[in-house]
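Colleague: Next come the chains, spelled out residue by residue.
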Amino acid sequence: MKVYITSVFVDDQAKALRFYTEVLGFEKKADVPLGEARWLTVTSPQQPEGPELLLEPDSHPAVRPFKDALVADGIPFASFAVDDVEAEFRRLTELGVRFTQEPLRMGPVTTAVFDDTCGNLIQLAAQ
Amino acid sequence: MADVFKALADPTRRHILDELRERDGQTLFELCARLTSKYGLDSSRQAISQHLGILEEVGLVVTRREGRYKFHWLDTSPLRAITGRWPVNDNEGNER
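Going line by line, the protein sequences match chains G and B. Here the first sequence is numbered in UniProt numbering, starting from 1 and rising by one per residue. Here the second sequence is numbered in UniProt numbering, starting from 1 and rising by one per residue.
Hints were generated in silico from the structure; no laboratory data involved. Take these hints with a grain of salt, some might be off.
[As the list claims (entries may be wrong)] Subject to a maximum C-alpha distance of 35 Å in a straight line, what follows is the list of computed DSBU-like cross-link-like pairs (lysine-lysine): (1) K2(G) with K38(B); (2) K6(B) with K38(B); (3) K28(G) with K70(B).
Based on the sequences and whatever the hints tell you, model everything.
Modeller: Here it is in C-alpha cells:
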C-alpha cells in the first residue's frame, strides 16, 4: 500500500490552481471536468510520479466550519517537505504569502505555517 | 493579585509565558508544539487552551483575532502590582 493521492479542500479551484502552481511551484497533473467541479491534481516537479495533491472543492456544508476551526487555532491541514524552511519562508513572504508561524526549530525538525489563500493553513517541514 | 499568583503557580503556565516572551503573538498550535518539543509536556490541546484561559483572565495573556487567525500575546503589566507592593532592589551585591 502507498499514498498516491491526498487532498486539500479549497474554496475556489481556479484560484487554488494558481496559488499551488504559480506561488508554491507545483505542476498541474490531472484536470478532468466533473459537472460543477474538476478532478484537479498537482504534483511536485521534484517528484512528478510521486503522490498527487487533489485540489478538492470545499462545498460540503461540514467542511467550512471544520476548516475555520482549524485555522482559528493555527492548525495546519497538510504538511509539505522542503529542503530549507527559512529560505522558503523568505521566498514566499516576498510573494505576499501570510505566515501564522514563522520558522521554528524543534529538535531535528524545522517547521513554519502559512495560509494557502484557499481556506487552509499548510505546514512546511525540513528534517 | 491573588489570582496572578495562582496563575503563576502552575509550571505549564509559566512555560507558556516563557515561550510568548521568546516570540510574541503565537497561535494555539505553535504554543502546543513548543510545549511538547521543548518541555516534553503531554498535555492535550484542550488543557493548554484552559491554561491560556486562566492566564487571559488575570490579564497576563491577551488574545487578538486577526482575520481568521487567533494569536496570543504576553502582557506583563499585571506583575506591576507585585513589584509595586514589594519593590525589587536592583543594587548589585545586595541580593539575598
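Colleague: Would the pair K2(G) and K38(B) pass a check requiring their Cα atoms to be no farther apart than 35 Å?
Modeller: Answer holds: K2(G) to K38(B) is near 33 Å, not above 35 Å.
Colleague: Is K6(B) within 35 Å of K38(B), Cα to Cα?
Modeller: Cα-Cα ~24 Å, so holds.
Colleague: Hinted pair, alpha-carbon criterion (35 Å max): K28(G), K70(B). Please report holds or violated.
Modeller: holds (33 Å)
Checked against the numbered hints listed earlier, the structure breaks none of them; every hint is satisfied.
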